[in-house]
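Undergrad: Chain residues, written in single-letter form:
There are 2 protein chains.
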Amino acid sequence: MKSISSDSYAVHFNENAFKALNKHLKGADYSKIFILVDENTHNLCLPQFMAEIEGDYVYEIIEIEAGEIHKNLETCTQVWEAMSELDADRKSLMINLGGGVITDMGGFIASCFKRGIHFINVPTTLLSMVDASVGGKTGIDLGAIKNQIGVINQPQMVLVVSQFLNTLEERQLQSGFAEMLKHGLIKEKKYWEELKLLSNFDTMDEFIYHSVQIKNEVVLQDPTEQNIRKILNFGHTLGHAIESYFLESSSHETLLHGEAIAVGMIMEAFLSKELTGLSEKELEDIKTTFLKRYKKVAFTEEDIQAILGLMKFDKKNSHGNINFVLLESIGNPVIDIKIPNDLYIKAFDYYKD
Amino acid sequence: MKSISSDSYAVHFNENAFKALNKHLKGADYSKIFILVDENTHNLCLPQFMAEIEGDYVYEIIEIEAGEIHKNLETCTQVWEAMSELDADRKSLMINLGGGVITDMGGFIASCFKRGIHFINVPTTLLSMVDASVGGKTGIDLGAIKNQIGVINQPQMVLVVSQFLNTLEERQLQSGFAEMLKHGLIKEKKYWEELKLLSNFDTMDEFIYHSVQIKNEVVLQDPTEQNIRKILNFGHTLGHAIESYFLESSSHETLLHGEAIAVGMIMEAFLSKELTGLSEKELEDIKTTFLKRYKKVAFTEEDIQAILGLMKFDKKNSHGNINFVLLESIGNPVIDIKIPNDLYIKAFDYYKD
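So the protein sequences, as listed, match chains A and B. Under full-length UniProt numbering, the first residue of the first sequence carries the number 1, and numbering increases by one thereafter. Under full-length UniProt numbering, the first residue of the second sequence carries the number 1, and numbering increases by one thereafter.
Don't take every hint at face value.
No distinction is drawn between identical chains; accordingly, a pair holds when it is met within one copy or between any pair of copies.
Claimed, not checked - EDC-like, lysine to aspartate or glutamate: derived pairs with alpha carbons at most 20 angstroms apart:
1) Lys338 - Asp29
2) Lys281 - Asp342
3) Lys296 - Asp29
4) Lys292 - Asp205
5) Lys312 - Glu60
6) Lys91 - Glu225
7) Lys352 - Glu60
8) Lys189 - Asp7
By construction, these hints were calculated from the structure, which means they are not laboratory data.
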């Protein structure tokens with residue numbers, strides 16, 4: 001599989017991934033290699049990963065606790081302190097081996113340590129392969145607000161190795177798949193149709209590749225999210241608020257990212273029908289497709305009010321306005337749409353129906 | 001006074017500073033302006049500053065506690081939380097009004113908030129005018145390690161308004177003056193000679209301007225500190241360790257940054273005589289000049305060992321080596337010099353003598 005060139009680096013796939021990594025390590029003169037893992041990737045991915053590295057380097061493994069709840073400044077501080085203790089310097093390399101929490105947070109940790117050291121992302125979940133692998137977004141949560149703190153900074157390379165998917169449960173794969181469905185909705189109806197038909201996750205390589213291509217094409221046009229890059233946020237304005245709310249709420253089970261944005265996409269598709277001309281037929285197609293894959297989430301009145309309250313912290317907002325990405329039709333998004341207040345409740349009603 | 005153009009922004013002086021600011025604010029469409037101050041600049045500088053702003057904007061003043069001891073992640077978190085509460089968004093502007101702690105930390109806070117918002121630095125101390133105003137270094141301390149966490153990111157503009165110096169005590173002015181003397185040592189013997197003769201701080205404008213010019217010239221050649229920019233670290237390898245140690249130690253009075261690097265410069269001048277050919281005469285000139293202005297610091301054996309231990313965290317290190325900037329002569333620095341271990345004690349002995 002051909003590597004995909006992004007901004008200043010490339011995404012390498014499967015058989016090429018370790019070749020590219022070994023070549024890079026041989027050519028660089030890193031003083032030490034730090035590998036950031038959580039307990040899952042430590043057990044399930046690290047042995048495989050280490051077996052592929054040729055050559056003799058000095059490693060330190062830093063393990064953090066798994067889960068979005070740990071994607072915060074306290075964890076960063078612990079890692080920075082560990083790195084200082086372990087003599088990390090400006091010529092150290094950080095390899096982030098894990099899902100989106102590890103790649104987002106590890107990228108932030110590396111970008112701020114001594115004003116920036118090199119890092120390489122090795123996403124091990126479907127979500128992080130198709131979503132976090134390109135675009136240079138790094139970040140952590142601040143309280144309930146997702147990715148409130150972060151920088152845009154590019155890794156040295158990204159390695160997408162689909163064998164790591166074998167370590168994942170079905171629910172995790174479905175979560176990542178929601179982002180792929182989004183890629184169809186915002187960019188390519190044909191891809192949406194293909195993905196809809198997929199009944200298992202056995203042979204994903206071509207689809208992962210295509211999703212990375214779509215995302216890469218978008219971020220290269222607009223690296224700092226001034227305009228077109230915003231289309232990647234379809235489903236995320238409501239989706240992020242829902243995810244944040246369930247993460248903090250003690251009375252609800254936590255939703256995975258993909259599960260939350262699946263809800264967000266159904267609701268924002270409804271808003272698209274109301275405001276930007278999405279057809280009834282495509283709206284129903286979207287709702288049916290997501291509800292077939294993702295369990296319906298129950299919202300009380302109280303939940304809805306709290307979620308709408310959280311939405312005002314969305315990074316896409318400015319001047320007190322909440323800006324949405326909506327669809328004119330599947331494959332044709334529009335950005336910077338403002339929503340009349342009464343439509344939010346209707347969107348929840350449509351989802352519940 | 002002509003503005004000095006740096007990387008992507010300019011440094012504006014005195015009568016031009018507020019003109020430039022007002023023009024920028026008028027042209028931009030900021031949703032809100034956050035002004036970061038400490039209790040000193042809140043009282044002594046903010047009223048003057050606000051009086052110069054024309055036009056009607058929405059402000060929020062965020063006050064933090066003064067002092068290097070608060071230049072840490074806890075303070076950043078408090079400010080980020082306050083900003084979130086006050087509805088800061090991606091189109092908000094942050095103005096950092098204060099000394100190096102405020103401009104370094106405020107720059108970091110702005111650079112990471114929602115992956116980066118605009119910021120403007122208004123240094124109010126001599127040190128921050130001549131040192132922190134160009135170069136784009138932002139940062140905070142991690143435990144005892146100075147500026148361990150940060151990014152390189154440029155402000156929209158920097159305003160150097162020398163009337164703010166009237167709010168400073170003599171000791172603060174002397175601290176900043178140490179960086180100016182450094183500019184002479186690393187770049188221009190003539191400037192060193194001029195500064196040596198200065199007996200008071202009444203008319204500093206031309207000197208501040210020249211120091212900003214020197215620093216700007218250096219950082220423009222090497223923004224990411226791969227080579228020549230390192231010369232700005234003269235006196236700082238030992239100086240930072242000394243400053244960190246005194247900051248953390250409960251049995252010592254805290255040293256100001258300039259006071260610590262004055263000690264560092266004397267010692268590193270000694271190392272220069274030993275290793276890179278600095279003449280005995282210039283070494284004595286350097287020692288005499290600094291000791292005339294800065295009170296001699298007493299070091300016990302225990303202090304020295306602790307300081308040498310801290311030095312290994314210096315950001316300039318790599319591969320376990322501590323890299324020094326030394327002088328061949330006044331005005332002619334050399335970078336990446338390694339020091340035989342026994343010379344450190346001799347450098348302290350020379351300073352004590």
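Undergrad: Against this structure, judge whether each hint is valid.
TA: Outcome of the hint check:
1. Lys338 - Asp29: For Lys338 and Asp29, the Cα distance is within 20 angstroms only across copies (18 angstroms; inside one copy 50 angstroms).
2. Lys281 - Asp342: neither (23 angstroms within a copy, 80 angstroms between copies)
3. Lys296 - Asp29: neither (51 angstroms within a copy, 41 angstroms between copies)
4. Lys292 - Asp205: neither (23 angstroms within a copy, 71 angstroms between copies)
5. Lys312 - Glu60: between (40 angstroms within a copy, 18 angstroms between copies)
6. Lys91 - Glu225: Between copies only: 12 angstroms across, 30 angstroms inside.
7. Lys352 - Glu60: This pair counts as neither: shortest intra-copy Cα distance 49 angstroms, inter-copy 40 angstroms.
8. Lys189 - Asp7: neither (26 angstroms within a copy, 44 angstroms between copies)
Violated hints, in rising order: 2, 3, 4, 7, 8; the structure is consistent with all others.
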